[in-house]
Structure formats: C-alpha cells, structure tokens
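Asks: As a plain string of letters, each chain reads:
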Amino acid sequence: MAATMKLSTLGYAASMLSTGLLDEQFQKLLLLQDGSDPNFVVEIITLFCEDGERTIGELTKQLDKRCVNFDEVADFVHKLEGSSATVGAQRVKNACIQFLEFCKEKSRDGCLKTLDTLRVVFYDVSGKFKAMLQLEQQQAEATK
Amino acid sequence: MVSNTRGSPVKALLVEDIAVCTFILSTMLHKFNCEIVVVKNGKEAVNLFLDGKKFDIVLCDKDMPIMSGPKAVEKIRALGETGVKIVGVPADDNAMEAFMTAGADVFVHKPMKLETLGTMIQEVINKKNIMV
Chain C
1 MAATMKLSTL
11 GYAASMLSTG
21 LLDEQFQKLL
31 LLQDGSDPNF
41 VVEIITLFCE
51 DGERTIGELT
61 KQLDKRCVNF
71 DEVADFVHKL
81 EGSSATVGAQ
91 RVKNACIQFL
101 EFCKEKSRDG
111 CLKTLDTLRV
121 VFYDVSGKFK
131 AMLQLEQQQA
141 EATK
Chain S
145 MVSNTRGSPV
155 KALLVEDIAV
165 CTFILSTMLH
175 KFNCEIVVVK
185 NGKEAVNLFL
195 DGKKFDIVLC
205 DKDMPIMSGP
215 KAVEKIRALG
225 ETGVKIVGVP
235 ADDNAMEAFM
245 TAGADVFVHK
255 PMKLETLGTM
265 IQEVINKKNI
275 MV
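Listed in order, the protein sequences are those of chains C and S.
Just so we're aligned, residue 1 is where the first sequence starts under our numbering, counting upward by one.
Just so we're aligned, residue 145 is where the second sequence starts under our numbering, counting upward by one.
It cannot be assumed that every hint is accurate.
Said to hold, decoys possible - Pair by pair, the computed Cβ-Cβ distance ranges are:
1. C:104 with S:209: 35 to 41 Å
2. S:153 with C:143: 33 to 39 Å
3. S:240 with C:71: 17 to 23 Å
4. C:61 with S:153: 39 to 45 Å
5. S:274 with C:138: 49 to 55 Å
Simulated from the structure, these hints should not be mistaken for laboratory data.
Where is the CB? At the ideal position from N, CA and C, for every residue including glycine.
Produce the complete structure using the sequences and hints provided.
Replies: Shown next, in the form of structure tokens:
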C-alpha cells in the first residue's frame, strides 16, 4: 500500500498500531493493496465500519428483548469477531471474545456490560478509520 | 511465489458470510489467479456440488446461517468429493476438531496469511499438474 497511500495517512495508521487499536494484521492488509486495486484498503475499512455499526445495532435490539436468544446474539458477535480479526482491530476482537463468554453463560448483564465496552472500542476504531480516510481523500484532492 | 505454468486456473469456492472476510480472501485468491465462486452459507456450497460443480479448493468459515462450515464439509465429503482440498477458516479457537472430524484437510485460523494461502494454492496446482 505504501506506494499508493500518502505518508501522513500511513503515519495515522502507525499511531493506531502503536496504541494497540490495530495489530500487525492491518499492516498485512496494507501490503495487499496494489495498482490493480488502489481502493482496496478504503473499501475494506468502509465495509468494516458499516457492517460493525449494523451489528452493534442488532446486538442492542437483541439484548433489549424480554427473552434474549443468546445463540442469535452469539452469531452476531461471531461476525464482528471475524471481521475485526481480519482487519486487525485488536481491541474490538478482544471485546467480542469476552462477549462470547457471557453468551455461553447466558448472562444478560454480562452481555450488556460487554456491549458497552464493545461500543466504545468499535466507535473509537471506526472514528479513527474514518478520519484516516478523510485525510487520505484530502491529500488526494490536494495533489490533483 | 506461486507458479502455474502448465494448467488451468485453480477453481476456488469461498464459503463465507462475513463481507469483510469475503472481500479480503477474494483479493488474496485473485493474486494467485484463482477462479472464485463465493457463497454465503454451507447449504449453498453443498448445492453447488450437488449441481455437479467442481472445485480444486474450498475455503470455509465455521459459523454461518442455515448450515455451518463443518456440516457442509461433512456433506460434501459424503457426496464422494474426496479430491477437493477443504480448508476450514474459522474466527474462533475451538473449531479445529469440528472441521477435521467433518473431513477438512487443513484448518487455518482467521486471519489467513497470504503466504499460507499461497502455499496451499501451490500444493493444489502441483497436484493438478501431476494428474494432467
């Protein structure tokens, strides 16, 4: 990706790596981007943010029900676990792992508490991802 | 580096319901010039085999709606599809036994490394070239 992303954007990604928001998997994703698909990272990040937001909305709805179906809740958490592991969103992945434990225990309180944590870490990552993409776009506009 | 000077492209079936994972694995498979078919659950995968479709490699998630990965693997093998390389690609740590008992050849935890996929694709190519 190095060839197609601006240095300032890479710097932003590096700070997310150094604070533990992202892990080395994100660096590997950057290396997958090449000339044949210059929007690869943008698309991945956008997909992750949109899907993640949708999943958190679903989790909120599911845990709001009178009778919680913990298997369905776990299915949604698994999806977010999978996507966060794949993009390198380490803290989101770890929150999902914790969440799944409470699903196994069928603990509504545990799930609700972990959902709060998950919401915070997810919006932290997605906010920073969006800022990174905006920076990238601004840089691209400036060099036109 | 994956080398396929002799044969046709590797036919890959990706069984995955998570959009981000599908996108990334498809990108990785394209880098190895694979022909890719994507389905979103185990039942769709099994249906492809029932329709007579052939694949060289199947990359399969574990938890999916309608039919799980291990269940799909079991049914694919029961159809007599013993030659296709099936790779379980789950997100969680506890999936290995389920996949291997079902008949998967290999188990690779998400996220899959490009080099790992490359090695598997090369093995498939080598096997295809021997059979030609």
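Asks: Provide an ascending list of the numbers of those earlier hints which the structure does not satisfy.
Replies: Checked against the structure, the only hint that fails is number 1, while the rest are satisfied.
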